[in-house]
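Trainee: Line by line, the protein sequences are chains V and R. Taking the UniProt record's numbering, the leading residue of the first sequence gets 1, the next gets one more, and so forth. Taking the UniProt record's numbering, the leading residue of the second sequence gets 1, the next gets one more, and so forth.
Derived by calculation from the structure, the hints in this document are not laboratory data. Some hints could be false.
[As the list claims (entries may be wrong)] Below 35 Å or equal to it, Euclidean Cα-Cα: the simulated DSBU-like pairs (lysine-lysine) are:
hint	chain 1	residue 1	chain 2	residue 2
1	V	Lys-428	R	Lys-225
2	V	Lys-22	R	Lys-9
3	V	Lys-218	V	Lys-229
4	R	Lys-141	V	Lys-371
5	R	Lys-142	V	Lys-379
6	R	Lys-225	R	Lys-191
7	R	Lys-33	V	Lys-445
2 protein chains.
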Amino acid sequence: MSSQTRFKKDKEIIGEYETQVKEIRNQLVEQFKCLEQQSDARIQLLQDLQEFFRRKAEIQLEYSRSLEKLAERFSSKIRSSREHQQFKKDQHLLSSVNCWYLVLNQTRRESRDHATLNDIYINNVIVRLSQISEDVIRLFKKSKDIGIQMHEELVKVTNELYTVMKTYHMYHTESLSAESKLKEAEKQEEKQFSKSGELNVNLLRHEDRPQRRSSVRKIEKMKEKRQAKYYENKLKCTKARNDYLLNLAATNAVVAKYYIHDVSDMIDCCDLGYHASLARTLRTYLSAEYSLETSRHEGLDVIENAVDNLDPRSDKHKLMDMHNQVFCPPMRFEYLPHMGDEVCQVSAQQPVQTELLMRYHQLQSRLATLKIENEEVRKTLDATMQTLQDMLTVEDFDVSDAFQHSRSTESIKSVASETYMSKVNVAKRRANQQETEVFYFTKFKEYLNGSNLIIKLQAKHDLLKSTLGEGERAECGTTRPPTLPPKPQKLRKPRPRSVYNHKLFNGNMETFIKDSGQPIPLVVESCIRYINLYGLQQQGIFRVPGSQVEVNDIKNSFERGEDPLIDDQNDHDINSAAGVLKLYFRGLENPLFPKELLGPDLHRQTGVFS
Amino acid sequence: MSSQTRFKKDKEIIGEYETQVKEIRNQLVEQFKCLEQQSDARIQLLQDLQEFFRRKAEIQLEYSRSLEKLAERFSSKIRSSREHQQFKKDQHLLSSVNCWYLVLNQTRRESRDHATLNDIYINNVIVRLSQISEDVIRLFKKSKDIGIQMHEELVKVTNELYTVMKTYHMYHTESLSAESKLKEAEKQEEKQFSKSGELNVNLLRHEDRPQRRSSVRKIEKMKEKRQAKYYENKLKCTKARNDYLLNLAATNAVVAKYYIHDVSDMIDCCDLGYHASLARTLRTYLSAEYSLETSRHEGLDVIENAVDNLDPRSDKHKLMDMHNQVFCPPMRFEYLPHMGDEVCQVSAQQPVQTELLMRYHQLQSRLATLKIENEEVRKTLDATMQTLQDMLTVEDFDVSDAFQHSRSTESIKSVASETYMSKVNVAKRRANQQETEVFYFTKFKEYLNGSNLIIKLQAKHDLLKSTLGEGERAECGTTRPPTLPPKPQKLRKPRPRSVYNHKLFNGNMETFIKDSGQPIPLVVESCIRYINLYGLQQQGIFRVPGSQVEVNDIKNSFERGEDPLIDDQNDHDINSAAGVLKLYFRGLENPLFPKELLGPDLHRQTGVFS
């Protein structure tokens, strides 16, 4: 029985141990499987990424080519068009055409950038990804090597534990058997001892004492022997148990170390650089995308700047400059005295004086009425224009709502299109706008008629006023009729008739100087003075063209003998003042730099800035 | 002769006038041509822009579709893969896989945004452009109407001027003829007068005086008549001249007004809203492009954030959490006493004590040497790892140079590819990296061997130390051998053996409480204390999984009867501490919330967080 129980115990212990070791081994196998799975998943991920970027690169290239083709189609159209030749000079490039050119530029820029993106995907991102794949495979192999070494160590310590445990079991079994033998001997001795008491009694009866004494000695000897054996086995068992316990501690320490540190280290070996390299690859992708965005943004900013600079006024002046001959005011109609008629002014002597005076007063009152009426029209016109401007500059161009990605994109998008570009709204707005437009044009015609009449009557009125003033003065000396303005026209210095005429700007300086008695023509003196005062800090002075309208205005003033630049107020565009000076010099019969001095090249070059 | 000269003069004046008027008329015609040209150019520009945006919209749509297809291809692959099912729970999504998902998201986002761009081009930008075209045509017509009215006004004033000039010429001619007739009469009178002197002399000779007297009277009468006629004609001429001069002034004023203001106004009418509408259209385009960019940037930022969060450590813990069973430390090997052996500790009594002591000292000196040696290996290992890390985290991902558009793009681009990804450089770097890697693995194996040996010897050493210490104390009472450390192990509270074992985490609380005499298990008390101290502000406490390694570490400490959370330093991850507590409660034989109380739904739900 007891031997059977002992056997069972041994088996149980070994069984328990083996189950535990088997579990660990299973875990170790599973751990390798785990790592292999992870490495496979990574290789799959990297392959997917490579394939993704390869296809995305293709898409970029297609996109780039489409944009390039698009830009080229319109660029070649522009290059071949006549207008382009006309606009070639920067100064004549209309602001709207400039926008169109910049939109094309932006398209080319996007095309180039997406081609660069393709290049970076193919030659950088994908190359990196394939390298990471190689790294993952290599590192997994190497880490598995390390893992195998670790596992061998575990197997080694568990085997050692098994051995020392078996040894302990063996010695303990032996120790137990020695103990039981010793106990048996002691029991025999005891039996012998109680027997010997009996024997002593029997001894008196029988003659076999020496035989019994030797048997007692034999038992004692056996007992001693068994005792020695017992101690020996017990020591062996103790040592074996100690070894077992020490190895147990060592094994547990090694197993704990493996699970707490070494497995983690093995995974670290597998991971070595994976995240860092992947991060660098993705950062390359991000850097490319961000750079594309920056470049795109720069281009858009250029366009936005051009849109900000969309300027009807400057375009109008460019148009008028380009067609200078067409918009240049013609010569004034001169008074042409008939057949040696020596009178060249309105005659206000009797008998026409009374009639002229009456006519003057009629004109005056008519003008006053007309001006009031026309001012009313002008006010309506201004208000209408303001309404139109408000319609035309309504800020309805923000479409950022359409790019919202949060929540339900669709609903927001439809709301946006509802607001801005729904057909009903657009039709309404346009009908409204055109109605206002029609009203504006009607009012504008009315205003034009009024102002034309006013300008005619005003001219006659002014001429009559000055004539009657002079006539009065010439006739009456000191007294003037109260209908005339207190300040007589005479304060405006009378100039020689020749100065008043168109020839000022297409003339001969020498003749002018002789005729006028001025050493420097007023126009030159005044323009230079004005430019000195306000223009020296002006960028592009003499290069940037002024307003054709203002140039004409100033020029006409000079031709009338006035000096429009005399008021110490910077209320004329400096470029227009410079333009007047250039116009004057350009119009000289004998240019400042005689043509003989200019070679053909130089001549062309100065032509750019003239 | 004189009549002929007079005729010539008339013709000359009329000719000069007509030339001037013809020139003006030519200018007016040319001005219309100019405006028509400008309007045609605008319509052409708008048509080009429409065509451009129509084609660009197509390109956007193609691009959007390609991206969509690309994203869908990989998304469906992911959806069908087993891993995805595994990663579905957020907490198990590896950081690298997360990056990949976000790259796909970004692709989808780009696809959507470019589709939106297409939509805005087609349904907003192009619609606006065609409206501007209509406006340009309509406004040109209306402005031409205005211009025709202006030109009619000019024709009218010049015709008037012509009429009054002709009248002046006529009256002046008449005045001149009257004057010459008067002069003739005066001359006749004078002749008659000198004749009459002669006559007086002759009178004495002849008897024809009364006849002569009547002739004188006749001449005087004629002279008077002619004088009256002369005055009459002179007055007419003066009036006509005055009219001419007044009309001249008016004409010049009207012409000047036309050239200085009206032409400009007419062009303004043509331009009405053109620039504003074009600006709004282009701003719509810009708004769309800028919004696309913003959206794109947001998406890239999300990816960048994910790249920043690429973390090998957390991925490792996720892997180990996912395969909890595989990486969970096994039960410790227990000491299994053989066949009722009642000794369960290392026996340090004589006669083995001396031997153990000797062994202890040997272990001690061996450990000291090993530790020094292994520390050296570790230092080399750390240095090698640092070198590797430096190689792996080199910041070589900036490709923005490739997107420079200034000057010679090509040369800069080639330089960039030279620096980063030239084949020679890449090969060199990779060879270098792998060499370092090989060295690292060699050293790592060496270090592993060393540390395994150390851990084994240390475990034996520690067990011997405590055994000998206890043995000594048990034997010698007060004196301890000088080789032992001054602080005996006894200071560590001895706990019942059952507390030391693995069953702590897979046990029965009631039994534990009975066995240990603690009302609340140390692990519960300590974890709650630690979480109270450091975890109450922690987002996701009890939801975010801790590090499996650290959880195991803490758990093992508790199983050894230590309290790893006792030091008042927050040097354990709070989520790991929470994890230990969860692990403890999860491991209870009788769950805190008995299974009967949980419905199937609730059970599943708590399962998500367990």
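Trainee: Each of the hints needs a verdict: does it hold here or not?
Mentor: Quick rundown of the hints versus the structure:
1. Among the hinted pairs, Lys-428 (chain V) with Lys-225 (chain R) is inconsistent with the structure: their alpha-carbon atoms are about 79 Å apart, more than 35 Å.
2. Among the hinted pairs, Lys-22 (chain V) with Lys-9 (chain R) is inconsistent with the structure: their alpha-carbon atoms are about 135 Å apart, more than 35 Å.
3. Of the supplied pair hints, the one linking Lys-218 (chain V) and Lys-229 (chain V) holds, its CA atoms being roughly 16 Å apart against a limit of 35 Å.
4. A hinted pair counts as satisfied when its Cα atoms are at most 35 Å apart, and Lys-141 (chain R) with Lys-371 (chain V) qualifies at roughly 29 Å.
5. Between Lys-142 (chain R) and Lys-379 (chain V) the CA atoms are separated by roughly 21 Å; this keeps the pair inside 35 Å, and the hint holds.
6. This hinted pair checks out: Lys-225 (chain R) and Lys-191 (chain R) have alpha carbons roughly 18 Å apart, not beyond 35 Å.
7. With a CA separation close to 21 Å, the supplied pair Lys-33 (chain R) and Lys-445 (chain V) stays within the 35 Å bound.
The structure fails hints 1 and 2 (numbered hints given earlier, in ascending order).
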